[in-house]
Structures are given as structure tokens and as C-alpha cells.
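> Assemble the complex: chain A is given as a structure, and chains B and C must be docked to it using the hints.
Protein chains in written order, with my numbering: chain A, 1 to 196; chain B, 1 to 207; chain C, 1 to 169.
Careful: at least some of the hints might be erroneous.
[Claimed, not checked] Just a few of them, taken from the derived set where beta-carbon distance is under 7 Å, the chain A residues facing chain C: (1) I92; (2) G101; (3) I103; (4) V158.
[What the hints assert, rightly or not] Calculated cross-link-like contacts (lysine to any residue; reagent style SDA-like; alpha-carbon spacing at most 25 Å): (5) A:K157 to B:Y95; (6) C:K70 to C:K97; (7) A:K145 to A:S159; (8) A:K189 to C:M6; (9) A:K157 to A:P142; (10) C:K66 to C:A89; (11) C:K166 to A:W191; (12) A:K190 to C:K70; (13) C:K70 to A:F136; (14) B:K27 to A:D77; (15) B:K104 to B:D48; (16) A:K182 to C:L160; (17) B:K162 to B:N147.
For the record, the hints were derived by calculation from the structure and aren't laboratory data.
Cβ atoms here follow ideal geometry from the backbone N, Cα and C, with glycine treated the same way.
If you want the building blocks of each chain, they are given just below.
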Amino acid sequence: MGPLVPQEIIGASWNLFIAFGIGIGFGFVLEQAGFSSSRKLAGMFYGYDTVVLKVFFTGAITAMLGLLFFSLFGWIDLSLIYVNPTFIWSAIVGGIIMGAGFIIGGFCPGTSVCAAAIGKIDAMVFIGGIVLGIFFFAEGYPLLKDFYMAGSFGPIKVSDVLGISGGVMAFLVIIAALVMFKLGELAEKKWPREEY
Amino acid sequence: MSIRNLIFIGLFLLGMVIAMVPENTTKPYKLTAEDMLIEVQGAAEMVDADEVAHWIISKDPSLQLIDVRSPDEYQTYHLDGAINIPLSVILKDEYLDYLDQGIKMNVLYSNGTMNSHQSWMILRQLGFENNYVLQGGLNYWFDTIMNPQAPSVYSPNEEFAKYDFRKAASGALGGGGVVAMSAPAKTKADKPKVIRKKKKKAPAGGC
Amino acid sequence: MKTTYMNPYLAGVLLGLVLLMAFFFSGRGLGASGAVKSVVVSAVDIVAPEHTANSAYYSKYVGEGKSPMKSWLVFEMIGVLVGGFLSGALSGRLKWKVEHFPGITANRRLIFAAMGGILFGFGSQLGRGCTSGSALSGMASLSVAGFVSMMAIFGTAFVLAYFLRKNWI
Numbered sequence: 001m002g003p004l005v006p007q008e009i010i011g012a013s014w015n016l017f018i019a020f021g022i023g024i025g026f027g028f029v030l031e032q033a034g035f036s037s038s039r040k041l042a043g044m045f046y047g048y049d050t051v052v053l054k055v056f057f058t059g060a061i062t063a064m065l066g067l068l069f070f071s072l073f074g075w076i077d078l079s080l081i082y083v084n085p086t087f088i089w090s091a092i093v094g095g096i097i098m099g100a101g102f103i104i105g106g107f108c109p110g111t112s113v114c115a116a117a118i119g120k121i122d123a124m125v126f127i128g129g130i131v132l133g134i135f136f137f138a139e140g141y142p143l144l145k146d147f148y149m150a151g152s153f154g155p156i157k158v159s160d161v162l163g164i165s166g167g168v169m170a171f172l173v174i175i176a177a178l179v180m181f182k183l184g185e186l187a188e189k190k191w192p193r194e195e196y
Numbered sequence: 001m002s003i004r005n006l007i008f009i010g011l012f013l014l015g016m017v018i019a020m021v022p023e024n025t026t027k028p029y030k031l032t033a034e035d036m037l038i039e040v041q042g043a044a045e046m047v048d049a050d051e052v053a054h055w056i057i058s059k060d061p062s063l064q065l066i067d068v069r070s071p072d073e074y075q076t077y078h079l080d081g082a083i084n085i086p087l088s089v090i091l092k093d094e095y096l097d098y099l100d101q102g103i104k105m106n107v108l109y110s111n112g113t114m115n116s117h118q119s120w121m122i123l124r125q126l127g128f129e130n131n132y133v134l135q136g137g138l139n140y141w142f143d144t145i146m147n148p149q150a151p152s153v154y155s156p157n158e159e160f161a162k163y164d165f166r167k168a169a170s171g172a173l174g175g176g177g178v179v180a181m182s183a184p185a186k187t188k189a190d191k192p193k194v195i196r197k198k199k200k201k202a203p204a205g206g207c
Numbered sequence: 001m002k003t004t005y006m007n008p009y010l011a012g013v014l015l016g017l018v019l020l021m022a023f024f025f026s027g028r029g030l031g032a033s034g035a036v037k038s039v040v041v042s043a044v045d046i047v048a049p050e051h052t053a054n055s056a057y058y059s060k061y062v063g064e065g066k067s068p069m070k071s072w073l074v075f076e077m078i079g080v081l082v083g084g085f086l087s088g089a090l091s092g093r094l095k096w097k098v099e100h101f102p103g104i105t106a107n108r109r110l111i112f113a114a115m116g117g118i119l120f121g122f123g124s125q126l127g128r129g130c131t132s133g134s135a136l137s138g139m140a141s142l143s144v145a146g147f148v149s150m151m152a153i154f155g156t157a158f159v160l161a162y163f164l165r166k167n168w169i
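Looking at chain A on its own, in the form it has when it is part of the complex (with noise of 0.2 Å):
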């Protein structure tokens, strides 16, 4: 029964070969979506490509979907998967200045290692912007730290907040999402761009 190295079905030595490989399907998978260039990932912003929504949706969804009939056949124990903690202030800020990280400079972290992968040098200087941003953050840490620690709800998870169950709550996401996807094929269609 999964996850297979907490549970030591698989040695914990094998976790970084494991995150290796994963890596390389998400690095594949990402690039093959298109998400190697800054062009498509800002056309979410504008209606022009809302390939971000697309594939960002339906991968949370897939692997959500995953999760639910996993360990509904026993294949997994879901107590023993990592839920982020809640720390809602930081989550929110933290969140507001990544917004506008992302839509100034058009890449998040994991597409920029992406798109530096296949030459883009803006994703390359998008990096570098990343590691002096940490490096502030660092620095900064005894100034910040009372309000990065505000607001702590530990790992809860939405549907136990609203009272429902996970399928539920994922039926409910999937319903969300497909109106999103129909919306974002309507903008696609108004303000098309050529592809780049």
C-alpha cells in the first residue's frame, strides 16, 4: 500500500532517484504543454492562450481524482500524504507578490527551469531573480518571521472545513473547472494570437 517509501515498501534511499525521474516526466510534460515559453503562460492574463488553465486544472484534478480512487481500492493510505500546512496571512501575501511575479515577469519557478532548459535566457534571468528574491527573504527572515508564522491551521484541508467529503468536494472542483475550461475556449476564440 502506498506511498510507498513513508511506508518503507521502498527503501528512503531510492526517494531522490524517485524524485529524479519524476522530475524528468514533469519537466517533459510541462515543456511538451508549451509552458517553456513566457509568451503562452501570459496569454492566461489576457484571453489570448489559456493553456495555463487547462493544463493546471485538469493535472490538479487527474492527480486529486488519483488520490480519492487510490485509496478507495486500498492502494494508498492517505493519512500519510503530505498536506501543506495553512498559514493563511503568509499564504495570502505570499500569493499576491507571486501574482505579480508571475504576470511581470512571466514564468513561475518550476516553467522557468523549464524554459531555461531549451535556451530561453529570460527564464535564465528569471532564475537569477528567484535566487536574489530568496536571498532578500533570507535576510530579511527577523522582520518577517511573527507575521510568516500568523495564522496557523496546520494541514487542513477544504473539504473537512466545508464538511464534505473528498469526492464530493472533488466533484464540486471538476464542475468549477469545466466552466472555466469553456470560458477560456470562448476568450481563445476572441482574442486570438498566432502561435509563437
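Same frame as chain A, but now just chains B and C:
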């Protein structure tokens, strides 16, 4: 049909299924039947009354007595320091921290050995360590520790040593009046080792 | 030269499967910014070890027996480089270039890329994750932080898009 439509329909249908099917909340057994057979035949989980009496008297901090009888029976009488986790609720999440841990020795007891051993079987199959069964339960406890019978004159010396110990123990434990002696004889029992539970490392994640 | 990308929905399903495998094998989702953090921490540690030992932030990652570079995320990111390269090679997209909207100069693009990177670096540490680690993986595991991050990131980008439009359209 285009890939896109196929995926849309697929996601929608799978979503409906997963929303309607009840969640799998069964707790899986971690030990196979063969493993359990070996463990049961080895009977390493049994601890006898003398050992437990000794641990209670020496105030051993790693001992945790667990009474698996009903709450009423627990209220009427329970061993000093015992907590009550009735067999009927043993699978509930609220007791998980007591039953699945690596710090204390849990000694399960009931009136006889049956219910406590049944509890042990379930806990062991779930993979929990550090749970033991009080041999003979409270019935045996009262007969031997609380009201020890003097051995006949033909008994070997160790029977007398046990009797002396039990007399002193019952005095310390509030049993039927006997002359309290000084420190009870040390029992040879090697205390079972508390198996430190490898904190199942919930994996780190995020960034 | 026109290039063909994979059907986005299909790519999404494949991405989801990769993410699912990460959960199934390692019990955790994907991530990205954490790998860059490891690089920064290691670099600072090499240059100024007393500083890292004394700092509340760095000291969590350095010290006896801890090697920040031997992390799941670092190895994953190396894999991303390889995977991205393979995909680019197979699809004929390998090329040194500064990709930008024709209406602006390459230099302007690079300046904004740097600024965006700095913001993202800072924000990802504050937000405890980036789009891959917090938003994508978080959503898959139904975490509140995942959904909040996702909404904050995309919401802000949408709002600010109007002000940045000269750069893109």
C-alpha cells in the same frame, strides 16, 4: 470523439463516481496470518501478575495499565493508574495515541484473559507494538497477589519467595491484610523492551 | 516557424499522473522554489558559514549532518531540466533566445524577467510554496493553503494584467 471531449466526459464521470461512493475508512491489517500465528505461539505478549505487581510498586514510569472492560466495571474497581479503553471502542481514533505508541508498555487486562487477549490480537494485527496482556486478568490478580495463599511446606523455595513477594506487594497495593515486609524480593522478570516506534515520518513536502 | 504543442487537456492528464506518482511513491507532491532555496542556502553557507549558523532562517537547513542539496526537490528540479531539454529536443524547440512580445525590446523583457523573479523568489518563501508546490500539489491534496495560494496568485496576476499589458499584447 476528440481527446478534449473524451477527457471532459471522463473527468465528469469519474467525479460523479467518487462523489457518490462512500470513503474507504477501513484500517488495514499490517501483519499477515502467518506472522500472527508465529507471534501467538511465542506468547511473548503475556506478562504475569508478579511482574506487573513489581512494576506498580517500583512506580515504573513506562508502565501503562489499560482496562478493556466496560466503563461500569472500571468504575467499580480498577487497578491503580489504569485507564479505561473498552474493547468495543478500541478502534476509535481518540485512543490511537495510547495504543499505537513507542514510549510506554501497555498492559491490557480484563477479568480473565479472554477479552484482554482479544484486544491484543486486534492491536497487534494493526501493527501496533508495546502492548501486553496480563495473564489471568483480575481474577488471577486477586487470588495470587491480593490474597496470596501460603504454599504448602513441600513447595520449593521459589514458591516461598513468590509468596513473600506477594504478601508484601498486596500490602503495598491495598490487598487483604498481611504483614508488610521491607522491599519485596526482586523478581527475575526481564522487563520487555519498549519498542521505540519509528515515528512514521509523514513526509516533508512543499517548498 | 510554427511549433506544435501537445493538446493541453492531454498534457494536464499526464501532469496529473506524474503528480500522482510523486504522491504514491514519495508521499509528497511536486515543487520548485524549494530547490532554488536549497541552492541559495548552500551558496551562502559556503561563503559565510558563521552567518548561516547564526541566522534563524538558514540554520534550519545547515549544520551537523544536514546537506541542503541532498533534497527531494533539488533532484526533482535536475530531472525537470533533463525532461524539459528532452522535450524541447524532440520537438525542435531548442534555441537560445530571449522570448518577448515584438512590441518591446529584449532588454526590457529581461529587466522585467529579473524583477518578476525577485518577487516570485520572495513571495514563494513567504507563501511556503510556489504554483507547483503549493497551488498544484496543494489542490490535489485538497489543502486549504493550496486553494488559497492558487486564488491569490492567479487573482493578483489577473488584476495586475491590465497594468502590464504593454509588455505582452
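> Against each hint, give a clear statement of whether it holds in the structure.
Cross-check of the supplied hints:
Of the supplied interface hints, the one on I92 of chain A holds, with its beta-carbon coming within about 5 Å of a beta-carbon of chain C, less than 7 Å. Checking G101 of chain A against chain C: minimum C-beta separation of about 3 Å stays under 7 Å; hint holds. For I103 of chain A, the interface hint holds, the least distance from its beta-carbon to any beta-carbon of chain C being 4 Å, beneath 7 Å. With its C-beta approaching chain C no nearer than about 5 Å, V158 of chain A sits inside the 7 Å limit, and its interface hint holds.
A distance of roughly 23 Å separates the Cα atoms of K157 of chain A and Y95 of chain B; the hinted pair therefore holds under the 25 Å criterion. This hinted pair does not check out: K70 of chain C and K97 of chain C have alpha carbons roughly 32 Å apart, beyond 25 Å. Our distance criterion of 25 Å between C-alpha atoms is broken by K145 of chain A and S159 of chain A, whose separation comes to about 29 Å. Restraint check for K189 of chain A and M6 of chain C: satisfied, since their Cα atoms lie roughly 19 Å apart, inside the 25 Å limit.
Pair hint K157 of chain A plus P142 of chain A does not hold up; C-alpha atoms about 30 Å apart against a cutoff of 25 Å. A hinted pair counts as satisfied when its Cα atoms are at most 25 Å apart, and K66 of chain C with A89 of chain C does not qualify at roughly 36 Å. With a CA separation close to 16 Å, the supplied pair K166 of chain C and W191 of chain A stays within the 25 Å bound. For the hint pairing K190 of chain A with K70 of chain C, the CA-to-CA distance comes to about 48 Å; that exceeds 25 Å, so the pair is violated.
About 23 Å separates the Cα atoms of K70 of chain C and F136 of chain A, which keeps this hinted pair within 25 Å; it holds. For a cut-off of 25 Å, the pair hint linking K27 of chain B to D77 of chain A stands: about 9 Å separates their Cα positions. Simply put, K104 of chain B and D48 of chain B have alpha-carbon atoms about 17 Å apart, close enough for the 25 Å limit, and the pair holds. Taking the CA atoms of K182 of chain A and L160 of chain C, the gap is about 23 Å. The hint holds against a cut of 25 Å.
A C-alpha spacing of about 13 Å is found between K162 of chain B and N147 of chain B, which places the hinted pair at or below 25 Å, so the restraint holds.
The structure fails to meet hints 6, 7, 9, 10 and 12 from the earlier list, while all remaining hints are met.
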